[in-house]
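Colleague: Listed below, chain by chain, are the residues.
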Amino acid sequence: MKGRVLVPGSAFGPLLRLRHAISFWGGVDPKTGRVCDPRHPDHGVCITGAILALPAAIGSSSSSAVMLELIREERAPAGLIMGTADAIVALGVLVAGELGLPTLPVLEVAWAAVEDLPEGEIDIAEDGTIQRMAER
Amino acid sequence: MPGGGLAPTFPRMSVHLTPDERAHLDGGRGEAAAMAMRLVVAAAEMMGAARLVEIESAHIDGCLYHGDGGVLFAEALVAGDGRVAVPTTLNVGALDLLHPERIRGDAHHGEMARRQMDAYLKLGCAPTWTCAPYQAGHRPGPGEQVAWGESNAVAFANSVLGARTERYGDFLDACCALTGRAPLHGLHLDENRRATMLVDARQVPTSLMSRDVFYPVLGTWLGLQVGREVCVIDGLPADVTEDQLKALGAAAASTGAVALFHVAGVTPEAPSVEAALHGAEPRARVPVTSSGLRGSLDRLSTTDAEGVDAVAVGSPHFSDAEFAALEAALAGRRVSLPFYACTGRDVFARLEASGAATRLRDAGVDVVVDTCVVVTPILPARGGVLMTCSGKFAHYGPANTGYDVVYGSLEDCVESAVAGAVRRDEAVWSW
Numbered sequence: 000m001k002g003r004v005l006v007p008g009s010a011f012g013p014l015l016r017l018r019h020a021i022s023f024w025g026g027v028d029p030k031t032g033r034v035c036d037p038r039h040p041d042h043g044v045c046i047t048g049a050i051l052a053l054p055a056a057i058g059s060s061s062s063s064a065v066m067l068e069l070i071r072e073e074r075a076p077a078g079l080i081m082g083t084a085d086a087i088v089a090l091g092v093l094v095a096g097e098l099g100l101p102t103l104p105v106l107e108v109a110w111a112a113v114e115d116l117p118e119g120e121i122d123i124a125e126d127g128t129i130q131r132m133a134e135r
Numbered sequence: 000m001p002g003g004g005l006a007p008t009f010p011r012m013s014v015h016l017t018p019d020e021r022a023h024l025d026g027g028r029g030e031a032a033a034m035a036m037r038l039v040v041a042a043a044e045m046m047g048a049a050r051l052v053e054i055e056s057a058h059i060d061g062c063l064y065h066g067d068g069g070v071l072f073a074e075a076l077v078a079g080d081g082r083v084a085v086p087t088t089l090n091v092g093a094l095d096l097l098h099p100e101r102i103r104g105d106a107h108h109g110e111m112a113r114r115q116m117d118a119y120l121k122l123g124c125a126p127t128w129t130c131a132p133y134q135a136g137h138r139p140g141p142g143e144q145v146a147w148g149e150s151n152a153v154a155f156a157n158s159v160l161g162a163r164t165e166r167y168g169d170f171l172d173a174c175c176a177l178t179g180r181a182p183l184h185g186l187h188l189d190e191n192r193r194a195t196m197l198v199d200a201r202q203v204p205t206s207l208m209s210r211d212v213f214y215p216v217l218g219t220w221l222g223l224q225v226g227r228e229v230c231v232i233d234g235l236p237a238d239v240t241e242d243q244l245k246a247l248g249a250a251a252a253s254t255g256a257v258a259l260f261h262v263a264g265v266t267p268e269a270p271s272v273e274a275a276l277h278g279a280e281p282r283a284r285v286p287v288t289s290s291g292l293r294g295s296l297d298r299l300s301t302t303d304a305e306g307v308d309a310v311a312v313g314s315p316h317f318s319d320a321e322f323a324a325l326e327a328a329l330a331g332r333r334v335s336l337p338f339y340a341c342t343g344r345d346v347f348a349r350l351e352a353s354g355a356a357t358r359l360r361d362a363g364v365d366v367v368v369d370t371c372v373v374v375t376p377i378l379p380a381r382g383g384v385l386m387t388c389s390g391k392f393a394h395y396g397p398a399n400t401g402y403d404v405v406y407g408s409l410e411d412c413v414e415s416a417v418a419g420a421v422r423r424d425e426a427v428w429s430w
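Chains as they are written, first to last, in numbering that gives the first Met the number 0: chain A, 0 to 135; chain B, 0 to 430.
Wrong hints could be hidden among the right ones.
Computed Cβ-Cβ distance ranges for the label pairs, DEER-style [as the list claims (entries may be wrong)]:
(1) B/A380 / A/R38: 18 to 28 Å
(2) A/Q130 / B/A420: 53 to 63 Å
(3) A/G99 / B/E305: 48 to 58 Å
(4) B/S429 / A/E118: 39 to 49 Å
(5) A/T128 / B/T288: 41 to 51 Å
(6) B/H15 / A/T128: 24 to 34 Å
(7) A/E120 / B/H107: 35 to 45 Å
(8) B/T17 / A/T128: 45 to 55 Å
(9) B/H107 / A/F11: 27 to 37 Å
(10) A/A109 / B/E273: 30 to 40 Å
(11) A/Q130 / B/G401: 33 to 43 Å
(12) A/A109 / B/G331: 54 to 64 Å
(13) B/R201 / A/A109: 32 to 42 Å
Think of the hints as simulated: they come from the structure by calculation, not from any bench.
Note that beta-carbon positions come from the ideal geometry of N, C-alpha and C, so glycine has one too.
Start from the sequences, fold in the hints, and give me the full structure.
Modeller: Rendered as structure tokens:
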């Protein structure tokens with residue numbers, strides 16, 4: 000499977016699919032990497048180091064700032080897959096790059112295809128290819 | 000300024016740039032303008048924009064402190080001789096500059112929040128410090144291209160004013176302001192402003208729609224229903240107020256990614272349902288039902304406790320009219336709980352001039368200026384239950400403050416604050 004590259008890069012990690020769209024601001028605690036919105040079905044789950052897949056980003060325009068803080072605090076996901084491209088979250092990653100901090104790949108992939116991905120470790124390549132680690 | 004770590008691959012330059020835009024990118028307008036243009040072009044690439052659009056104004060949400068990264072970014076723009084290219088207002092910061100003693104944050108928080116706010120002033124932004132810039136004189140006209148951050152302000156600018164902006168996040172809002180450009184995509188373009196969903200509110204009782212308490216609930220429901228789709232709402236009263244639309248948009252932009260909604264017969268691009276649909280059939284028709292509203296009303300509260308520890312109103316920031324309603328509800332009484340009303344300094348200056356600020360203080364109301372209680376540690380540290388009439392506070396309050404929330408009308412909030420226990424008029428919802 001291949002995603003549309005929003006921010007290039009390679010990464011691997013366990014696939015973590017969120018069950019509902021999320022606002023990073025008010026939804027993810029940048030100090031812990033945990034989903035902190037008590038109304039979110041994945042409340043309490045830690046996104047750090049995961050290949051995080053979300054159907055869509057919603058809510059606050061401060062979500063870019065939260066993504067930048069997750070990177071600064073070393074609590075960021077390893078990679079991000081979005082069902083619908085969202086410039087707000089991806090911008091946080093680009094700004095990290097401008098400030099000389101690590102970045103992470105951000106891809107857009109149709110959500111139906113994301114739902115078909117098997118559980119477990121996955122790998123994102125520079126060109127947006129997504130595959131299971133075992134297939135490498 | 001640190002070098003762009005992504006420079007070798009970004010921007011990929013599929014975006015058509017004018018000579019002036021290219022000069023920005025090449026550093027001819029200074030380092031800050033170059034970094035800002037790199038990020039604008041990268042965002043344009045991401046969103047599939049073929050070119051950029053000149054903007055008339057910007058509203059920057061990025062002045063709010065969330066951590067040191069935002070300070071580093073803003074100070075990098077200052078160090079690179081950055082200057083906004085268009086009139087630019089500022090959203091809330093993480094300090095009440097008029098009442099600094101209100102903030103509970105530690106010294107580092109205070110210092111960094113201040114540095115971040117100062118950096119944006121050095122870039123030439125206006126010190127409005129409000130999430131309701133449209134009620135502090137920043138009102139772009141219909142069709143005007145702008146770049147706004149702050150989700151509620153985006154929804155208001157597009158929907159109520161008919162200006163054209165996408166949802167710009169922190170950093171990109173500043174980059175657009177510095178370059179005077181935005182990616183030409185999404186809601187900047189006519190065809191994407193067409194409603195594709197028809198929301199039918201004609202069955203909702205007029206008595207309910209006349210109440211302010213209805214609009215955050217409708218907005219909460221709307222955000223969950225439409226996600227990021229543009230809708231037209233049919234059946235709202237023609238005399239729906241600007242503050243009611245503000246509350247509707249703020250709630251919808253919290254539970255969804257709503258950046259534009261049309262209200263038939265009310266908002267500028269919806270003289271009729273058909274006009275908002277651009278004469279086409281909607282993709283979907285969704286009725287507003289009693290059970291749907293009840294579900295959203297219930298969702299706004301996280302506890303059914305009868306005790307309440309504090310009350311907060313003013314998200315988005317309270318307007319003159321909302322303060323008048325607050326004073327009317329107080330009717331000369333004094334509250335027995337911590338009560339916070341958040342607003343911009345523009346409105347606050349008028350409260351001071353009219354004597355309302357003194358009357359509110361005497362009634363036990365703390366008017367919070369330049370910031371709000373959900374983005375800045377102001378509420379008592381002991382936690383507990385927060386009551387609010389704001390859909391946005393109810394949505395973000397639990398995660399950001401640790402408080403449980405109870406949603407009610409402004410009148411409910413005042414009655415509860417006077418009584419020291421939750422008072423809610425449930426009859427209004429008996430539909």
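Colleague: Confirm or reject each hint.
Modeller: A quick look at each hint next to the structure:
no.	hint	verdict
1	B/A380 / A/R38: 18 to 28 Å	23 Å, holds
2	A/Q130 / B/A420: 53 to 63 Å	58 Å, holds
3	A/G99 / B/E305: 48 to 58 Å	53 Å, holds
4	B/S429 / A/E118: 39 to 49 Å	47 Å, holds
5	A/T128 / B/T288: 41 to 51 Å	45 Å, holds
6	B/H15 / A/T128: 24 to 34 Å	29 Å, holds
7	A/E120 / B/H107: 35 to 45 Å	38 Å, holds
8	B/T17 / A/T128: 45 to 55 Å	35 Å, violated
9	B/H107 / A/F11: 27 to 37 Å	35 Å, holds
10	A/A109 / B/E273: 30 to 40 Å	32 Å, holds
11	A/Q130 / B/G401: 33 to 43 Å	41 Å, holds
12	A/A109 / B/G331: 54 to 64 Å	59 Å, holds
13	B/R201 / A/A109: 32 to 42 Å	35 Å, holds
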